[in-house]
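Student: Chain by chain, the residues:
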Amino acid sequence: MPTYQLTVNGRLRHVDAEPDTPLLWILRDALGLTGTKFGCGQGVCGSCTIHLDGQAVKSCQTRLKDVAEHTIITVEGLSKDGSHPIQKAWLAEDVAQCGYCQPGMIMTAAALLKHKAHPTDGDIDGAFAGHICRCGTYPRIRKAVKRAAGGAK
Amino acid sequence: MTNRRDFLRVTGAVGAGLVLGLHLDAKSKAGTAQFRPNAFLALRPDGTVCISVPKTEMGQGVRTSLPLIVAEELDLDWSRIEVVTALPGPEFKAMQTGGSTSVSSTWTPLRKAGAAAREMLKAAAAAQWNIGVDQCRTENGFVLGPRGRKLSYGHLAQAAAKQPVPKDPMLKQPADYRLLGKRTPRFDGPAIVTGKAVFGLDVRRPGQRFAAVLRCPVPGGQPRAWDETKGLAVQGVKAVVKVPTGLAVVADSTWAAFKGREALATSTTWDEGVGKDFSTLALEAKMRAALMGPADEARRVGDAEKALAAATNVLEAEYAFPYQAHATVEPMNATVHIQGEGVETWTGSQSPNEVQERTAAAVGLKTEQSKVNVTLLGGGFGRRLGTDFSTEAALVAKAAGGGPIQVVWDREDDFRHDLHHPATLHRMRAGLDGSGAISAWAHRIAGPSILRSWMGGQKSPDQTSAEAGGALDIPYAIPAITVDFAEVEAPTPLGWLRAVEIVPNVFARECFLDEVAHATGKDPLQLRLDLLGDQDIVKFGQDEADLRRLKKVLQVATGKAGWGRKLTAGRGLGLACHAYDCRTYVAQVAEVSVVKGRLRIHKVTCAVDCGLVVNPWGLEAQVEGGIAFGLSALFTQITWEQGRTVQTGFQDFPILRLPDMPAVEIHVVLSREAPSGMGEPPVPLAIPAVLNAIFAATGKRIRRVPLDGESLT
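Protein sequences, first through last, are from chains A and B.
The first sequence lines up with residues 1 to 153 when you count with the numbering used here.
The second sequence lines up with residues 1 to 713 when you count with the numbering used here.
Check before you lean on any hint, since a few could be wrong.
Between beta-carbon pairs, the in silico distance windows are [what the hints assert, rightly or not]:
#1 B:Ser-460 - A:Met-1: 53 to 59 Å
#2 B:Gly-559 - A:Gly-122: 30 to 36 Å
#3 A:Gln-61 - B:Gly-699: 42 to 48 Å
#4 A:Gly-54 - B:Lys-566: 48 to 54 Å
#5 A:Asp-121 - B:Lys-560: 18 to 24 Å
#6 A:Gly-122 - B:Asp-534: 48 to 54 Å
#7 B:Glu-341 - A:Ala-92: 45 to 51 Å
#8 A:Gly-122 - B:Thr-48: 44 to 50 Å
#9 B:Asp-708 - A:Asp-121: 48 to 54 Å
#10 B:Lys-700 - A:Asp-121: 24 to 30 Å
#11 B:Lys-306 - A:Gly-122: 41 to 47 Å
#12 A:Gly-122 - B:Lys-566: 24 to 30 Å
Residues of chain A placed beyond 12 Å of chain B at every Cβ, according to the derived structure [stated by the list, open to error]:
#13 Asp-29
#14 Leu-52
#15 Gln-87
#16 His-115
#17 Ala-117
Under 7 Å between C-beta atoms, here's a sample of chain A residues computed to sit facing chain B [unchecked claim]:
#18 Thr-3
#19 Cys-40
#20 Cys-101
Rather than coming from a laboratory, the hints here were simulated on the basis of the structure.
Here the structure is a predicted model, which means the values were calculated and not measured.
Even glycine gets a Cβ: it sits at the ideal position worked out from N, Cα and C.
So that you can see chain B by itself, here it is in the shape it has in the complex:
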């Protein structure tokens, strides 16, 4: 809980205008003696306003949406706002950016900060005019008084800083919003279109050198023998140094580092380590065995095994989802400068606080001696929650000595040494009673645990629920349900990929439900509505989903897509829905055609309820992009042979491109609930909606991703 007394405070030096520090770290202990603001709002005497954003910008728009929330309550002039990304440290401890939580976690404190500043400005103006505060109002950077009186925020900033900070300022009603709910363009747009935006790879420091690390193609392998003179012989190469992840070639340009590494590779032999025999085929055999063996229970309603045994009919199917890569277009990189008793890092990270700590630890310094500058991210999608690349860069900088070094991964490094999303197999069973109603539902997930890999090989108490999201929170009212996870070991490092386990789990769940609908002669929409029943709320442990909101998005998406209309031969509609994390409600209808074995995805109609919409343009971007991200996984996979990835670049990992992008039609269900989150929720439905549409078009049931072109002919 946030300590209320310390939630907001004037923190600026005298003469700085009105500077408010506010506390956004929900996890911090109440009652700490010292005020530790972790976000700042500064109204300067010159009328400009600086807002520090304690979250990472990776395309989801936080450098626009979070300032908008403050600006709304404070009635700021949006054109005079300056946005800075916060520096991690004692003031900013909760910068980790993931799980679609940036807006929901800052919504209330940012509004209160804006409202508090507004009240202080009004109080300052009222004192100056010698009138009551209730005679003042604010508009677009000014306090307005009776008879046309008007003072700018800049003019009032100093006096406002001397006013008491209101503890519980009145918040605006949504009906009075001027900025929230209106389309606001991305703050970083102008810098991006002119090439001025600075991503990690664009960092240039005086005296900077560049390095590429020669890593074993098998993750975890080590160089056994090498001849550094081969690397040093390349023009521009300055040094070859051993680091824990391999051999770093340090040069005066990126290209020289790459060429030097290529030359060094010819002389290097490897000890490939414990992962050297790992293969997709062997893993799949182990996962298939685990579908029938013991497992950890994630959810249990009634006795599904008993109900299955008693069922008139049992449907059973196996679904498969492969390893995936993040494949951010900007490869991993970090620039590190060790100087005396300090280390400074420039990198695009979703975990700035962890970078600060781990970089310091890697070079033998204390956290407070470590400074981290978070650049823009050329894609995050969870990959940059990892700190492997920044720690590696720190170790290269330490081993090489001298000035700043930028460690650059190339495309193959990025594919081979990703923190991949692991493969899973799913055993789905549904028991049907004599009337064709579902009497039992069993979803067994088998695969490696992302959370265990993340925890350094330790099993967390949250492991089962972390791997079963999207399966355990199946919203349908079925009398007996069992969802469990059977862990299978894999030697490769794993990480979080946008929407994580919910992607494969919802794929299996929503496609198998479609199978049940067709097997029992029911319309897939009607079956879902029937299974959602008359209940308003369904609980999953601490979480609860509002089934009214889910039913509404189902009705809107299907209504707008023309569900049930007659289609020409070879054309079909497919449906999927979910209550993402019990927070954001999404339904999607895909329209596809399959002609002579060729699939075309014409359109995806998406209805969403994510609570109040901060920036519709941001929401729509996340839906369009989330659908593109989800659809890519219908075609991409990472496979392993002899411990290494078979895929090494975009040429064998066919991410969806512009010509294949379907039309996306978005319908927002208006809501007065607090905003929830939009980065991940649209992703998991794209695959099941399309595969269900393929079934409708062709009668072919696809249960395996990636889609094999031959399966449609």
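In isolation and in its complexed conformation, chain A is listed as follows:
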């Protein structure tokens, strides 16, 4: 099996795996980063969302061979201590119910704010259209994103 070099949450990691292995399973099974969740494996629920070079991508649809030499951030690496504005807003609005889909939501929210400091409702709709929360935390997700953005402008 080939060896790949990845930069995950600021650390250089070496992984031996088949080139077509989804990044999701590299993170969860090889690197022990279980904060990134498996929901569908088909790119339709958003639970496995991570940042690849600052963009929110679905790690179940991202192959190992395509991410070597790129910068990967998972929910564990979003901040050292839960102090990212999105994480703080999530707690302030008490967003999570079961919590399973939330790391993916948080990664999408963080990427959205990076690209658009004051997203509109339409921007929020667009960013989260690829996510599923079966518990229905949607109203609070919207509030938390706006809170982190310091209100919509």
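Following the hints, put chain B in place on chain A, whose structure we already have.
Tutor: What follows is chain B alone, placed relative to chain A:
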């Protein structure tokens, strides 16, 4: 009945501080010789407090709400609380979590435990200060005495443990509550937002392997022939073993297990079993026939058939609700390690005690040799009341041998082998007298029985009432009522889905009542208020609903939603209400628009009376989430062809997403009644409120779920 003498006892070892064991199992026999505490409260000498929660956390907030109840009576410092989920066993026998009962079933014992500990701490402080107990009070983790005297709970814990346990400690009055009724954030929030929260799939044990099971697409089918070398040829695959549910591919990673299973599938042929011809079309024909055939009576008031025959006018309609999937975002999974004379399981389960027993039995061990660690659940909604996935994992671990194995279901496994909610058809009839008043109401439900499937194919004496909830407890005063259930067989395994049969039954009931209102030229709100009449209480067997509370939520929801106001063309308001299980009173008003055939659900206004509110944030989350859950079922369905589900994932099961989530406005009717339950009650009203609003907006009466886009054009 709980044995009062044994309700509370000091159970901690010397030096452990004040450890109280309390008994929460309402079903246990009184007078047992041995004290079996099934919840613990430990005040440690260092000032920290550990509370064990004997219920499963699945997003409904029990790891926050149950500790809050204790903390309130005990005047704890909330920041020094540690919450642990209990381990099932002889101490914790009633961990099953469902039916929106966690708070209501523990409300009194948890308060008494907190109050008892508070009194013991006060007594210990009083002894130390050599004053009367009545001169002491408690506040935020301290006992306070006269002239500014103050001792921390940690300091007093050892001495308090030597005090007698009060049998009937005085409970606080709601006016004195500091924590209950205030917004408290979820205890697990910080772990969730940092990715540290551990769900079943996140369990990692030393030497752990991963397995995927190749199952027949038709539930109950068996592999006839296979070539295990196809699976073994995949890099990372260690073994292929036969288990009762199929062929397990064991590998050193989840992905290798999935790839190995895919390769094995190409060589496998199936005996699809008795379910192989099952289809939605055939089932629907059988259900339609059953609407006209014999049935088991669930409720009877007067003689509805006679009243229908005598009616001036009879309205009749058929309502249809499909099979549904739980579709938790975390697929089913369990990790099992068999070691010598013991088996240890890590899984997200709503039935931890059953997992303990059944895992042990599956691998030939005794219950006491089985340990179950309940993780957080990535959604429950009733799916994880089932133990099929944990038992399967135990059988895989046994067949494969060696260390711990995590059996992972993928999304298709989860849809195909769910314990589905079954389809139903409803024949609704209303007799009207010469003045247009309802003289008779007949609700026939036809469909498979969830309870029979749950009981392994046996008919339970409770079957009819279990399938008729929401229909038999119709709260309206109608002179003649008949509600019955005509069972139709289906070969697929069935289970409980959040709010269960009440969802389809209340959908049919509340929409058909709306039809009657429009047919008789009455306002749907006024018709409901008229039918609730002057009665205060209505009884259904053992249960009784308080109609004053139902009328109040109806008035609040409609008042806040602006019921009766003029709306632009294509816009409408729809109403539905119920007394959920005769415990929680809910009314919802949906505001929708239909423009060029496109439905938009703008807002749902919900009024609720669930008794005293433990945590408003938790209540609001359950209302918002319950409405999202209910609305999803307006668009999703499971259909069957050739014995298998047509739907295999989220791509063909359109759960409501953020852009389509309506605004939700919540109004809580303040109550001094004991708390009832909030997980399920908001769910069943979302569909009828929206469909009634669609009628108001368009004049189109939708009687079939899921909503077919074409029906609105």
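Student: Evaluate each hint against the coordinates.
Tutor: Taking the hints in turn, this is what the structure says about them:
1. B:Ser-460 - A:Met-1: 53 to 59 Å: Holds: the Cβ-Cβ distance is about 54 Å, inside 53 to 59 Å.
2. B:Gly-559 - A:Gly-122: 30 to 36 Å: Taking Cβ atoms as reference, B:Gly-559 and A:Gly-122 lie about 32 Å apart, which means the hint holds.
3. A:Gln-61 - B:Gly-699: 42 to 48 Å: At roughly 44 Å between Cβ atoms, B:Gly-699 and A:Gln-61 fall inside 42 to 48 Å, so the hint holds.
4. A:Gly-54 - B:Lys-566: 48 to 54 Å: Holds, since A:Gly-54 and B:Lys-566 (Cβ atoms, about 50 Å apart) stay within the stated range.
5. A:Asp-121 - B:Lys-560: 18 to 24 Å: 23 Å, holds
6. A:Gly-122 - B:Asp-534: 48 to 54 Å: For A:Gly-122 and B:Asp-534 the Cβ distance comes to about 50 Å; the hint holds.
7. B:Glu-341 - A:Ala-92: 45 to 51 Å: 49 Å, holds
8. A:Gly-122 - B:Thr-48: 44 to 50 Å: At roughly 47 Å between Cβ atoms, B:Thr-48 and A:Gly-122 fall inside 44 to 50 Å, so the hint holds.
9. B:Asp-708 - A:Asp-121: 48 to 54 Å: 28 Å, violated
10. B:Lys-700 - A:Asp-121: 24 to 30 Å: Taking Cβ atoms as reference, B:Lys-700 and A:Asp-121 lie about 29 Å apart, which means the hint holds.
11. B:Lys-306 - A:Gly-122: 41 to 47 Å: 59 Å, violated
12. A:Gly-122 - B:Lys-566: 24 to 30 Å: 29 Å, holds
13. Asp-29: 4 Å, violated
14. Leu-52: 17 Å, holds
15. Gln-87: Incorrect as stated: the minimum Cβ-Cβ distance to chain B is 4 Å, not above 12 Å.
16. His-115: The claim stands: A:His-115 keeps its Cβ more than 12 Å from every Cβ of chain B (closest is about 18 Å).
17. Ala-117: Per Cβ check, A:Ala-117 is outside 12 Å of chain B; nearest 20 Å; holds.
18. Thr-3: 14 Å, violated
19. Cys-40: At about 4 Å, which falls below the 7 Å cut-off, the nearest Cβ of chain B leaves the hint on A:Cys-40 intact, so it holds.
20. Cys-101: Holds: closest Cβ of chain B sits about 5 Å from A:Cys-101, inside 7 Å.
The structure fails hints 9, 11, 13, 15 and 18 (numbered hints given earlier, in ascending order).
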